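Student: Chain order of the listed sequences is L and S. Using the numbering used here, you'd call the opening residue of the first sequence number 53 and step up by one each time. Using the numbering used here, you'd call the opening residue of the second sequence number 3 and step up by one each time.
By construction, these hints were calculated from the structure, which means they are not laboratory data. These figures come from a predicted structure and were not determined experimentally. Check before you lean on any hint, since a few could be wrong.
List time: in silico DSS-like cross-link candidates among lysine-lysine, alpha-carbon distance up to 25 Å [unchecked claim]:
| hint | chain 1 | residue 1 | chain 2 | residue 2 |
| --- | --- | --- | --- | --- |
| 1 | S | Lys59 | L | Lys123 |
| 2 | L | Lys130 | L | Lys63 |
| 3 | S | Lys61 | S | Lys100 |
| 4 | L | Lys114 | S | Lys100 |
| 5 | S | Lys108 | S | Lys61 |
| 6 | S | Lys100 | S | Lys72 |
| 7 | S | Lys108 | S | Lys59 |
| 8 | L | Lys130 | S | Lys100 |
| 9 | S | Lys59 | S | Lys38 |
Listed here are the chains, written in short residue letters.
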Amino acid sequence: EAEVAQSPRYKITEKSQAVAFWCDPISGHATLYWYRQILGQGPELLVQFQDESVVDDSQLPKDRFSAERLKGVDSTLKIQPAELGDSAMYLCASRLDRAYSYEQYFGPGTRLTVT
Amino acid sequence: GQQVMQIPQYQHVQEGEDFTTYCNSSTTLSNIQWYKQRPGGHPVFLIQLVKSGEVKKQKRLTFQFGEAKKNSSLHITATQTTDVGTYFCAGPSGGYQKVTFGTGTKLQVIP
């Protein structure tokens, strides 16, 4: 069964360092989402791509976060510089662009700890 | 902006007891989805509801979409330890295919 791949699974970094996360969605899924999930809360959307275009980044802290999906396939989320409050699980999800089908497939996530 | 609240926030049940979580939106929803997240895992899609008053069943799980399409519920009959996890509802929140996740209900099943 096809899955969303993410790496790394765990990342420990020091405050003010740069960090990057990678996501490879299920083949053929045009829509890709990056979420941040703080322990005990629901996923919060950071950025949404349709193919290679950003369709929503209203909740992305653009002074330190950036995201790209250059060829409309895999995607990278970057934080520079990392802050203590960025410690969270970063989830990637993808969705098949099909009418009336809203199902999102999530990857295993990257657990970020900023020290 | 749209808010999606779930109650209760936590629920502990004895194995074999029933469990229900409720999802309430501040706005009318065109559809609602339910996800389950096991401890240490990632959200896994369970089901989507589209029609007003719709009821769907998956074995011991029953999902319902309210008549006004502003609320939904998930009911588990005779819980098992495998049901442990956090259950999230999610609904569209404007923009193209954007969804807002609810606050989640964490279920603990005591054997």
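Student: Hints first: check each against the structure and report whether it holds.
Tutor: To see whether the hints hold, each was checked on the structure:
1. S/Lys59 <-> L/Lys123: 40 Å, violated
2. L/Lys130 <-> L/Lys63: 13 Å, holds
3. S/Lys61 <-> S/Lys100: Cα-Cα ~29 Å, so violated.
4. L/Lys114 <-> S/Lys100: 19 Å, holds
5. S/Lys108 <-> S/Lys61: Holds, at about 20 Å.
6. S/Lys100 <-> S/Lys72: Given pair S/Lys100, S/Lys72 holds - Cα atoms ~17 Å apart, limit 25 Å.
7. S/Lys108 <-> S/Lys59: Judged against 25 Å, a Cα distance of about 21 Å means the pair holds.
8. L/Lys130 <-> S/Lys100: Holds, at roughly 21 Å.
9. S/Lys59 <-> S/Lys38: Distance ~15 Å between S/Lys59 and S/Lys38 Cα, so the pair holds.
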